[in-house]
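S.K.: Heads up: the protein sequence lines correspond to chains A and B, in order.
Count along the first sequence starting at 1, add 34, and that's the number in the working numbering.
Count along the second sequence starting at 1, add 33, and that's the number in the working numbering.
Keep in mind that the hints are not guaranteed to be accurate.
Claimed, not checked - Distance condition first, Cα-Cα at most 25 Å in a straight line; then the derived SDA-like pairs of lysine to any residue:
1. A:K75 to B:Q113
2. A:K48 to A:S148
3. A:K75 to B:N85
As the list claims (entries may be wrong) - Sample of chain A residues at the chain B side, in silico, Cβ under 7 Å:
4. G50
5. P120
6. F141
7. S143
Unchecked claim - Computed spacing ranges between beta-carbons, pair by pair:
8. A:D99 to B:S50: 23 to 33 Å
9. B:S50 to A:Q76: 25 to 35 Å
10. B:S60 to A:L150: 39 to 49 Å
11. B:E38 to A:E93: 39 to 49 Å
12. B:E47 to A:V37: 24 to 34 Å
13. B:R108 to A:K100: 19 to 29 Å
14. A:G50 to B:G115: 36 to 46 Å
15. B:D49 to A:L110: 22 to 32 Å
16. A:K100 to B:P72: 24 to 34 Å
17. A:S143 to B:L41: 37 to 47 Å
18. A:E97 to B:S40: 32 to 42 Å
Hints in this document: simulated from the structure, not taken from any laboratory.
All of these numbers come straight from a predicted model, not from anything done at the bench.
Where is the CB? At the ideal position from N, CA and C, for every residue including glycine.
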Amino acid sequence: GAVVSQHPSRVICKSGTSVKIECRSLDFQATTMFWYRQFPKQSLMLMATSNEGSKATYEQGVEKDKFLINHASLTLSTLTVTSAHPEDSSFYICSANSGVSNEKLFFGSGTQLSVL
Amino acid sequence: GEDVEQSLFLSVREGDSSVINCTYTDSSSTYLYWYKQEPGAGLQLLTYIFSNMDMKQDQRLTVLLNKKDKHLSLRIADTQTGDSAIYFCAESRGGGGNKLTFGTGTQLKVEL
Chain A
35 GAVVSQHPSR VICKSGTSVK IECRSLDFQA TTMFWYRQFP KQSLMLMATS NEGSKATYEQ
95 GVEKDKFLIN HASLTLSTLT VTSAHPEDSS FYICSANSGV SNEKLFFGSG TQLSVL
Chain B
34 GEDVEQSLFL SVREGDSSVI NCTYTDSSST YLYWYKQEPG AGLQLLTYIF SNMDMKQDQR
94 LTVLLNKKDK HLSLRIADTQ TGDSAIYFCA ESRGGGGNKL TFGTGTQLKV EL
């Protein structure tokens, strides 16, 4: 099946710094990518929908200035957590849709962010 | 709003069948999915079903959909210790190209 690579898998940073997470589709072009956030033992909550070449659509309650999303190419979307604080510590997962097999979404392996 | 609910925990013996249940509220759901998540990992798509189907079988996995009751289930036959994980159901409207709404997740524990 299609592969989505997410990097880094784990990051620890100091409060106030910014962290960039990359999501790449390795063997297909991803017209749409999604960013999810997951707290321990909880479900995935959609943060935003990212479309190649246009602005991301954020879900209600998600600060777009804090979680910057860039989808500059058909194989790469990035999520930047700006001025991270301990409450931003979470597991972030991206997923991608190829637009061909429209019923399937492929997920990255996730990034565990810990803000000290 | 959309709500997808699952029981939190299921424990079975190795070799038995597991049945994980899910209820949803959005009657316009088009596709319904089952994902598996192992500790610290992303989500693995196990199977999915289109809303006009009532059953889909794929090797050890059987998905049943009762659209009238908005109830989805995943049956794992001959459950193995490697099946221990969290299982999420999810629904979307208009196909996977659209966003998914995930259930709360069911922790499956397989005991020897």
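S.K.: For every hint, state whether the structure bears it out.
M.R.: Hint by hint, here is what the structure shows:
no.	hint	verdict
1	A:K75 to B:Q113	22 Å, holds
2	A:K48 to A:S148	9 Å, holds
3	A:K75 to B:N85	32 Å, violated
4	G50	26 Å, violated
5	P120	20 Å, violated
6	F141	4 Å, holds
7	S143	4 Å, holds
8	A:D99 to B:S50: 23 to 33 Å	49 Å, violated
9	B:S50 to A:Q76: 25 to 35 Å	27 Å, holds
10	B:S60 to A:L150: 39 to 49 Å	45 Å, holds
11	B:E38 to A:E93: 39 to 49 Å	20 Å, violated
12	B:E47 to A:V37: 24 to 34 Å	31 Å, holds
13	B:R108 to A:K100: 19 to 29 Å	42 Å, violated
14	A:G50 to B:G115: 36 to 46 Å	42 Å, holds
15	B:D49 to A:L110: 22 to 32 Å	44 Å, violated
16	A:K100 to B:P72: 24 to 34 Å	28 Å, holds
17	A:S143 to B:L41: 37 to 47 Å	24 Å, violated
18	A:E97 to B:S40: 32 to 42 Å	33 Å, holds
Against the hints set out earlier in the document, violations occur for numbers 3, 4, 5, 8, 11, 13, 15 and 17.
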